[in-house]
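Listed in order, the protein sequences are those of chains A, B and C.
With this note's numbering, you'll find the first sequence wraps up at 354, consecutive numbering, no jumps.
With this note's numbering, you'll find the second sequence wraps up at 1624, consecutive numbering, no jumps.
With this note's numbering, you'll find the third sequence wraps up at 2270, consecutive numbering, no jumps.
Since the hints were made in silico from the structure, they are not lab data.
One thing to keep in mind: the hints can contain errors.
[Claimed, not checked] Not the full set, but computed from the structure, chain C residues with beta-carbon under 8 Å of chain B: (1) 2026; (2) 2027; (3) 2030; (4) 2114; (5) 2116.
[As the list claims (entries may be wrong)] In silico SDA-like links for lysine to any residue, alpha-carbon gap of 25 Å or less: (6) B:1597 <-> A:75; (7) B:1425 <-> A:167; (8) A:325 <-> B:1433; (9) B:1433 <-> A:75; (10) A:325 <-> B:1431; (11) A:218 <-> B:1130; (12) C:2016 <-> C:2078; (13) B:1425 <-> A:29; (14) C:2117 <-> C:2086; (15) B:1425 <-> A:24; (16) B:1425 <-> A:318; (17) B:1433 <-> A:167; (18) A:176 <-> A:108; (19) C:2153 <-> B:1224; (20) C:2016 <-> C:2236.
All of these numbers come straight from a predicted model, not from anything done at the bench.
Note that beta-carbon positions come from the ideal geometry of N, C-alpha and C, so glycine has one too.
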Amino acid sequence: MFKWKTDEFSWVDFTIDVLRILIVLAVVVGAWNTLSSGRITFAQWVNLFAAGLSQGSIYALIALGYTLVYGILLMINFAHGEVFMAGAFSTVFLAEALNRTGFLNEQPLLAILIMIMFAGLVSMTVAILVERVAYRPLRGSPRLVPLITAIGASFFLQYTFRGLYGSGFKAYPQIKVLQGAISIGGINIPTVQIFVFGSALALMFALYWLVERTRIGKAMRAVSENKEVARLMGIDIDWVILFTFGVGGFLAGSAGVINGMFRPQGVNFFMGFIPGIKAFTAAVLGGIGNIPGAMLGGLFLGVIEAIGPNLVLAGLGIPGANQLKDVIAFTMLVLVLIFRPQGILGERLSETKA
Amino acid sequence: MDRMRAPAASTVLILGLLSGGFILFMGAVGMIAAFHEREVVDRFISLGQLLILAAPFITAYFVARQLGERGEGLARTLLAGVIVGLLTALPSAILLLFNSDEFRFLLFLALRLSPFIAATAIAWGRHRAGDDARAVIGLWLLIALLVGIVTFSFALIFEIKGDLRSVLVNINRDWVEVVTFDNRKDLPRGIAAFGAVSIVAGVAGALLQRMPLAPRRALIYGLSLTALIGAFGETARLILQENLERDTIREIFRRDTLRQNAALALFVISTVSGFLWTIYGQRARDSFSGIGHSQRRSLIIVGVIIFVIFMLMLPWLIGRTLSDVAVTIGIFVLMGLGLNIAIGLAGLLDLGYLTNYAVGAYILAVLTSIGPLGLFKGTFTFWMVIPIALLAAMFAGFLFAVPVLRMRGDYLAIATLGFGEIIGKLAISDWLKPLIGGAQGVQAIPKPLFFGTEMKNPEQLYYIVLAASLVMLFVSIRLNNSRTGRQWMAIREDEDVATAMGIDTARAKLLAFTLSAATGGVAGAIFAAKVGTVFPNSFTVFISINVLSLIIVGGIASNPGIVVGAIVLIGMPELLREFSEFRFLLYGALLILMMIKRPQGLIPSKIVTHEHQSGVKPKLAAAD
Amino acid sequence: MAEKAKGGRERILEAKGMTKRFEGLVAVDSLDFYIPDGAIASIIGPNGAGKTTFFNCITGFYEIDEGEILFNGARINGRSPDQIARAGISRTYQNIRLFNNMSAIENIMVGQEPHLKSTWIGAILGLPSTRQEDELTEDRANELLHFVGLEGKGDMLAKNLPYGDQRRLEIGRALASQPKLVLLDEPTAGMNPRETIETTDFIRRLRDEIGITVVLIEHDMRVVMDISEHITVLDYGRKIAEGLPAAIQTNPQVIEAYLGRGAAAATMDH
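Use the sequences and the hints to build the structure in full.
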């Protein structure tokens, strides 16, 4: 048997280093090939970037839910993608009804606001139920136990909504105001993308205000710093945790509506799974437990996902590169977990971090 | 109701409403209507109706037990049964009313009123708790607004859409038919019938609990056995078909359904034998524990021999269709045993198990296929490729394991999940299409040859699966009691300390991943040979979830548990087709339930049993 | 200051300029110290003095930022914890860290890890050498169980043992690797006076009967003064005194470090 490890040399490190070099090489070569071939114009790059930014802002909204919960309970709420789905899937009926009455196109802003509230409240209810039923009884058990119940909750929710609303895809109606494009410096950006980005930003600022400026926000921060001390200060921990799940759920639900405006292919019961994992990636990317980190991580992932296939994969001569969008995102996930699990902005974790 | 003491009353209320919520949920997700398709006893009761009856029956049974422990009398217990029955029917009955054209106004009334009711209830609670008036009014307004948005939206949806069914797809005719007991046209009568039946079931459950031990056990035994055989009538018929005359079968079954007489006979026989067993069974057990050590040992050996012969004869006993199910179960047993090395022994929550399965399947497919994508067009046989598939899966497992070795447990789980998704996407991509066929996959995989005969039937493939599972069982038992097994368990318990004991944790984890991957690879290869085609849709996250669920439900780190878990979780959806649509609903619920109520699983491993028997936890000194 | 214990023995463990920082906080500050071979030595100091960090640095849990650690004259810093364990250092933990869902005997069998050679292939094939080793491991584990006073409790799950037995099992597990140096982190924490005396005697037996060098972190000053032959006092990650118990007891700096903080005073005469 060869010696597995010596003082200076470890096979694990070696393999990881090789992996690192291979990836950098692939990215550089792919990008070089694409850029030197000039297949894609500057305007197209800007369009990809804008699309990535809007998609990323949806990831960011979902990622905030992961990060908030992780900051407080140090657990991955694996079912969060399904919370997102619950809001998006339920609201598609409301959107259809609003469309049928004509309200959606007469008062688009008000209609969207109602939809966001509705989706947010539905998702909030689901998130709170999940916390109450699946996580609270297991608080304080080893980390993997709530993760397993979370996986259970995730599939339970998927198939519950499949049972309730059916298994087919349902599309959000088009809103006339959001059709068309706005020209910025000669480059046409679809209005809907600007809308998506803008409303996501507004929600993020609302969250930031909630956490930094309100009493409950202070309590949330206190609980995430140190539960015992917070309890001694008279903070009701259970209520704060429930509230955190609720806020995360609300953001996910509203992300569901915004996503519905943005993606014409429609919603179904399985729609939350992949965005859920991607949003988790975003949360880790930004440093889990870190609120601005989740926002940045989401935007970053969205952009990478939009540009990556065209820049790197196409450059490497891989056919159908855009099919591999998800592969780029999941590769990002794995890479972040390997190389920088503390994220770009660093974890904001106090308490016992293993 | 008010004559009951408060705690007892609230038990009845809560459990009754839970039972009602359960029935409502089952209806709304479509289970009741789907199960109605399956008759348990011919022209008497369907599985859907059985479900509706079972809820109040079982709930009332447990309520009666609680009341019994509080020393309540028979009359109150029966009253509790009635209440449980009523409450079980209540939520579904309300939904029935909302769904009917005549009473739909009730739905809108409820939706309009509920914001005010909810807001007032909560605000009143805060007022009682001593909040000042301004805060209470603010709270009232906030809640009324929030709930109002939701109910307004629902009202709008239902008003525009016309009926509930356009949103809740399973609140349909079939469902109404089942819950009204075939009185769809006459709703009041239907609801009355529903309530009456539910009450009868509740009272019956309460009565049953109050019976003396022997008849009670006998009845429970008889009822559950009859229900089980009735529900799995098709399976039972398939087994009997192999062993009985056709005419006899026809007397017992009408198509796949137990005839009424047969069901009655079955019920009587099982109840009587259950009765005899409760009376005389103790004596048998006593005489078994009375015999000497060596005698008992030989008895156990005889038992094992009988079991082995049974396993070998199984395909003849159960016939082709069920052998096919047995092969599927076997493949999952194999995967369960493999994944258990990572999850159960080493504590590594690997959610990307489908990777290994896919690698094994695709390797076999590409190497042996005689179709256009086959690389060697039949030069390689199944038997030659199995070791290659094993090695390839091991190699893949190794590659995916190295990067995750240093990760914390929960990150490891998500990273492996990510690997699984990457593999899934790659399998379906255009990029690899020339090699593995994209969405169409690889076809024309020949069946294994055994001394010149083609093993094309499940009866024959069964032996391959059986052999592989037995080998894996042997390996995992041996490893479990070895230095390697102890290393894994130490890592599972406390990785830091394991390192400080001199265990090279990276290497031990790598071994766990590779061995579990190897098993997955073999399972995948057998799967490919069984199906004859390999395409990406077979390799989704659901495979990993399936395997994870059967390990958790059966019992982590328990080999018999994994076998039972596979039989229940994989076999049931295969045998009860109405159920297969809902399998992941059940898996999800089971994962949550098991973790909360019974983390050791159905059949715990020896180690975990100890742990749960003595619940004394030593107090740990506080950390510095 | 560095008097040599009992006739100038070799230094089994020695650190030079050992420093460990956590994000700006200096937990161990350029520490020089040594442990004489065959001694019973103690590390003392008020809460948060860096004692457990010190253990973690020696056993390789933390990588030190500066300085070096020598074990029997060979540098061990930079090696991984499992290699350090194989070199002959083992430890116990302040808040008992047994393998809870493994039986007592399995815990000790894992402790013998540095001396085991069998492989997984051997285990699957049931090779005679593997079987022999397994039997030997089990025999040795039983001997050790006897030595720590847990005979007959081998099949109990570690988590189900009473507190005192858990402490002893943990020491037994640490001894199973036949270490040259064993680090005990507060071995008498949470024990009543009678158990404390038993443990003290037990630690003496470790050195006298097996000849292992023992280093303990201890809060109970009576235990420290009773059995130590060499004491190192830490405060805020620095060494403030080192030497024989008698010298330490009268050292003004030590008294100040303890009495300077009200809370620590109780510990002193506890």
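Ascending list of hint numbers which this structure does not respect: Hints 1, 2, 3, 9, 17 and 19 not satisfied by this model.
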